[in-house]
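J.: Chains Y and S, in that order, are what the protein sequence lines are. The numbers in our numbering rise by one with no breaks, and the one at position 167 of the first sequence is 167. The numbers in our numbering rise by one with no breaks, and the one at position 106 of the second sequence is 106.
Some hints here could point you the wrong way.
Taking lysine to any residue and the SDA-like style, the derived pairs with C-alpha atoms no more than 25 Å apart in a straight line are [claimed, not checked]: (1) Y:Lys50 - S:Ser107; (2) Y:Lys50 - S:Ile102; (3) Y:Lys50 - S:Ala39.
Far from chain S by the CB rule (all over 10 Å, computed), these chain Y residues [stated by the list, open to error]: (4) Leu184; (5) Met206; (6) Leu240.
Just so you know, these hints were derived from the structure itself, not from any lab. From a predicted model like this one, the values you see are computed outputs, not experimental measurements. The C-beta atom is built at its ideal place from N, Cα and C for all residues, glycine as well.
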Amino acid sequence: MSGDPILEIRNLSYAIGERTILRDISLSVREGETVVLLGRSGSGKTTFLKAVNGLVRPTSGEIRFEGKASSEWDIIHLRRRMGYVIQDAGLFPHWTVAANVGLVPRLENWDAQRIEQRIDALLRQVGLEPAEFRNRYPRQLSGGQKQRVGIARALAADPPLMLLDEPFAALDPITRFDLQRQFLELRNTMHKTALFVTHDIREALMLASRVVLFKDGMVDVLATPAEFLAAKTPEASAFLASLDDRWRPA
Amino acid sequence: MNGQLASEILALTLEHLELVLITIAVAAAVALPGAVFLAQRPRLRRWAVGFANVAQTIPSLALFGFLLPIPLIGGIGIRTAIIALCLYALLPILRNALVGLIGVDPSVRESAVAMGMTPQQVLWQVELPLAVPSIVAGLRIATVTTIGTATIAAAIGGGGLGVFIFRGISMVDMPTVLAGAVPAAIMALLADEGLEWIERRLSPG
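Assemble the whole structure, with the sequences as input and the hints as a guide.
T.: Structure (structure tokens):
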């Protein structure tokens, strides 16, 4: 694992008309890190994630990925180097699980046999038995299974960076915890770098190498989980209050 | 039923079918690419759907009448008939295709783009396949209504089963009317069933 930043963002701002969504954000992400973007709804964390893979175009500032400014990247190629997982998985309903997982390898013209092997390996990695799940359609999956397939699809072409936008937010607590643990395990075995958006402070503290707290489109706190517990800003305190033991039954 | 009548029914049925098939082919060739184009352009879309709506409200006999004196596209015969029928078929095909294309789950489209599909790949591999059931539904409605409306084409020399119906009316002879109406009704029912079957077969998942 090298310490070079895989992703470097300098003074990023984004506005729609008069409305400023992101204000002067700088962040560098080193290889192997999971940087969790924490914040309330509308704090700009999702927009920030979308700016990273070019779904929104920043008004000013610079994004460098793998040492190259995003303006030097072919946008399609750039996106294929970043796995992308969203809340309701966004699986293609007309494709089987196998076809969904094999999407990027197919776009990248891998040979068929290699794609098939890759699909099986990935499904096992996310805890789905290929023989059972390969030929199912998304509507035949539970929420947790869809999300597993979504993660397998994002990992398919072994991208150096994963972007995850509240991937577990819609799951029940038990399935969510299960997937969070699996995510940690995957990250530790595959040394994946990830940008992970959530509004759940527990999830942030559990998964993060570093936490970035967003408030009104600005970075409020940037800290390791341990440091974050001691953060004193009003927004950090508001999030930390929800961890208070006082609300547990005796 | 004598042999001469039977062969005339067959000939006019085939002519009717030809009228319908050409109409649907032409209308689809305009409306489907049009829907793809308009799906991305909301403002233009309102105008286009508005135009197709207005065309739909013109009484069919009147529309044939309007077209008659227009140079190049007007006049007596099958060409004028097909142009008028196309104007009617346009709306259901266009509107249903638009509903299908616009109705694609935004999260599906977003992840397609975010995973690095080109706009062409998103269109051909995601949006169009997901819109197919709706597109076929539009073709089905257009086909069934065109089979009915095409009987009026006989009024301006377009031929088809309407020939029997107009002849029957002018002779006040019900069996002759039925010789045109019954095969047209059967054709409409078969087209409806057949296209509904295709629609179900092509539904995703």
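J.: Determine for every hint whether it applies to the structure shown.
T.: We went through each hint and held it up to the structure:
For the suggested pair Y:Lys50 and S:Ser107, the alpha carbons sit about 13 Å apart, so the restraint of at most 25 Å is met. Taking the CA atoms of Y:Lys50 and S:Ile102, the gap is about 22 Å. The hint holds against a cut of 25 Å. Distance restraint check for Y:Lys50 and S:Ala39: the Cα-Cα separation of roughly 23 Å lies within the 25 Å cut-off, and the hinted pair is therefore satisfied. Consistency note on Y:Leu184: stated as away from chain S, and its beta-carbon is indeed over 10 Å from all of that chain's, at 23 Å minimum.
For Y:Met206, the requirement that its beta carbon stay farther than 10 Å from each beta carbon of chain S is met, with the minimum near 25 Å. Here Y:Leu240 stays apart from chain S, with its beta-carbon at least about 31 Å from theirs, past the 10 Å limit.
Violation of the numbered hints given earlier is absent; every hint is satisfied by the structure.
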